[in-house]
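Sequences and hints are given; from them, build the entire structure.
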Amino acid sequence: MTLAAGVSYNTLVVVAGVAAVGFAAGVVGSFGVLRRRALAGDAAAHATLAGVALAFLATGRRDLPVLLGGALVAAIAALGALVLVRRVARTRDDAATAIVLGVSFGLGIALVSGITARGIPGGAGLEQFLLGHAAALTAADALLLAGASAVAVLVVVAGLKEATLVSFDPAFAAATGWPVTLVDYALVTLVAVMVVVGLPAAGAVLVTALVVIPPVAARQWTDRVPTMLPLAGGFGLASAVVGVALSAAAPRLATGPLVVLVAAAIFTASFFFAPRRGWLARRREQRAVEGVWTRGRVLAAAAAPAGEGFLRHEIAARVAGVDAAARRRFDGAWLALVREGALVPARPAATGPADPAGAGGRWRLSTEARGRAADWSRRMRAWDEIVRTRPADARTSLTIDLPDPGTIFRDDATRPPH
Amino acid sequence: MRRVPLTDRAVRSHRLSAVCPRHPGNQIVSLLTLLTEGGGMHAWAIATAAVVAAGASLVGSFLVVRRMSLLGDAISHAVLPGIVLAVLAGGRPGGPLVLVGAVAAALVTVWLTRVLRTAGGIAEDAGTGVAFTTLFALGVVIVSAAASRIDLDPACVLHGVLELVPFDTVPIGGVEVPRAFLTAAAVFVVLVAAAIATWPLQVFTAFDAEAAAVAGVPATAVTTGLLVATALATVAGFEAVGAILVVALLVVPAASAELVTRRLCWMVPVAILFGVAAAVVGYLAAWRWNTSAAGMIAVVLGAGYGAAVVLAPEDGLLARLRSRGGFRWRVVCEDRLATRWRQEERLREPSAERAGAGGRGSLPADATPPPGLGDRVADLWLLATGRLERPAGAGLRLSARGRDEAATVVRSHRLWEAWLGRHADVPLDHLHPPAEWIEHHLGADVRRRIEAEVAPEGSDPHGRTIPPES
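Which chain is which? The protein sequence lines are U and P, in order.
Position in the first sequence (from 1) plus 21 gives the number in the numbering used here.
Position in the second sequence (from 1) plus 1 gives the number in the numbering used here.
Warning: the hint list may mix true and false statements.
Stated by the list, open to error - If we take Cβ atoms under 7 Å as the criterion, some of the chain U residues that face chain P in the derived model are: (1) Y30; (2) R56; (3) L60; (4) A110; (5) R111; (6) A116; (7) L128; (8) A131; (9) V201; (10) A230; (11) V233; (12) I234; (13) P278; (14) A285; (15) W300.
Please keep in mind that the hints were generated in silico from the structure rather than gathered at the bench.
Note that beta-carbon positions come from the ideal geometry of N, C-alpha and C, so glycine has one too.
Shown next as structure tokens:
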């Protein structure tokens, strides 16, 4: 059956199936990422190869449902081994993950190589599970994957409240009587299911990326779980579909790496351009805070001298010192203050407003700016007081971010009496 | 010098079975011939695997104690694009350019993870997951796209082809030495030298990074050095065992050695020994069952780790079960002795029992329950070891030695009750349970000190005599 565009029915179904897988992987993976379990799924993913090979050896068939059944058993067995190692042995969690991952993958490689070397009929295609080969999917396979994905998403939606609570505050959840361990196991099992379902598209080695990268990208855009889940799903869907399409265009390339690279591109864009957490937005915000702060320091410095005004370099020395970056910030702040008319030449009548450095370069505060400057110099004194009496607080707030002075001194108790 | 591209189908069919057919029914002879047949091919492959395993185990020991195992995992994936680009730029697999490329890729991974955390607020594990999967995918895509121009096969990248190592050789003093062996040996020598040279710094940083930094250890340099070492060990093992199985070589021997040793200076050599042994056994097993050597090495490592979990002398499952079981058995035996001693005491001084029964509350220890199966077995054991005796025509009773031991247990019990009664605000009828537990733990020295402090008059809060030290 061929559609008008020349795309076969099979291709369409496969693309739809992969899209569903990508969506579900994003949704399920979100909780893995929020719960800081991003890499637990990796051990399960690498173990699936052994499961696929064992299922093939046991049944002698290469039907996808059979192989994926084996993969699921292996993935859950790997997670079980992880829990067992943590319980029984004096091995740390990270080492336990690496051990389960490395050994189970080695077992899978040994099994697949053995099958290939013996020339068992049908065994040659097993290596496709290493890096993914979506082109080999049939419509029936794709429907199976889509069905499993739908079930996984439904389970997450049904347990949304519990999963959110446990992800954000496990201690509170435990104290209020929620079965934290049970929810944890359920989440990890769901991740294992998604890893298995994503296997044909992304391959054992890289399928982790499908449950990690889209959620991390989505997290950049939002602070709310109900927004993050569909966003992560959408990113996963886009990665899977575009990746599969690219690999169809270039058949020599395995699907998995392409899917991952598309997801990585989405992540890179999110990392830079997301509205609040994005790199650009953070930079802009930091610049803005620095601007407010530097202008305030200029005003405070300008409030002190009275009489015939002050020279620009006197203020610069007091506010910025010799540090080049601080000088740049000072230049910007000075310019802004001149533009808004807070700083004016000391004797404008003599030289005229066309010469901003007039009166021998002497400046004064405009009448409107005097109140602002007094306010700022009071804030600066308060800040000095904080630095003197509570140096730890001052240090942390400085290293985290330059605080907006307007917010930290709102509390009247911190203001010196005047 | 022979050099065969790894993608060559003809060479790929040169599997172990074809090179060295099995000798059915005579495995030992065939194992020996294995090492000499084909110009020592298998010997070279085994030697290469062993050197790779030794280097990886050495580096892995530090990764494991510093809780950086997953960084090893990430680096072993992420060196791929560095290697591929270096090969594309004209480097030879195992050559210096490739080493540089791999180290650069490893540092880029770590740097990316750090940037994601500091500039993007992304948690470390998630950032690692993003960084290394992306770099690995990039490497695989370049390999696949440029497959016609470079000697790397995507499948070999994943699981290596130890079997093909002996085909790519350079002559040294008339002997054809595999290139991969030379690389791995050189890397191993460098790693050992570096480990010895920086040993105190590494140990200090490994156990308390903050204290080390305060004491002036250049912690960043030490950590960076460890990362470079990880990249070197990875790239040395890359050709032989592939990118992913290097993880197993890095972490599993070290984690196993950590279970059987207590000190880092012992853990490192044990890990190396374990890694080398697994490499040899794994290769032979792969040859026996005609499968991937790298895969079998990982499986053998896993089996070894499992054995360490069960059998480790102090932390092993068996050792812990034995010590726990041994303690329970001692408790049962001591309780039996103490019970008999109290019965004798009641027969000896019935007044003590009256004093105890009158007004001071019931004394659970003296309400002897009927002996259970464990108690009967304990009686037999005590009889066999001479702490009980059975005179002709009478029942079991304490021997002189058993009486001494029982008196010690009862003494511990009553001393503790006296001490608790003096120092803790515990009602009289609640003194018994803690004493019942601690009577099996007090040593002679502690008993003397307690006696000197609280009970010089020689009786416990229930008014019963505390037996003297025997």
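Consistency of the hints with the structure:
no., hint, result
1, Y30, "violated, 28 Å"
2, R56, "violated, 10 Å"
3, L60, "holds, 5 Å"
4, A110, "holds, 5 Å"
5, R111, "holds, 5 Å"
6, A116, "holds, 4 Å"
7, L128, "holds, 5 Å"
8, A131, "holds, 3 Å"
9, V201, "violated, 19 Å"
10, A230, "holds, 4 Å"
11, V233, "holds, 4 Å"
12, I234, "holds, 5 Å"
13, P278, "holds, 4 Å"
14, A285, "holds, 4 Å"
15, W300, "holds, 6 Å"
Of the numbered hints listed earlier, those contradicted by the structure are 1, 2 and 9.
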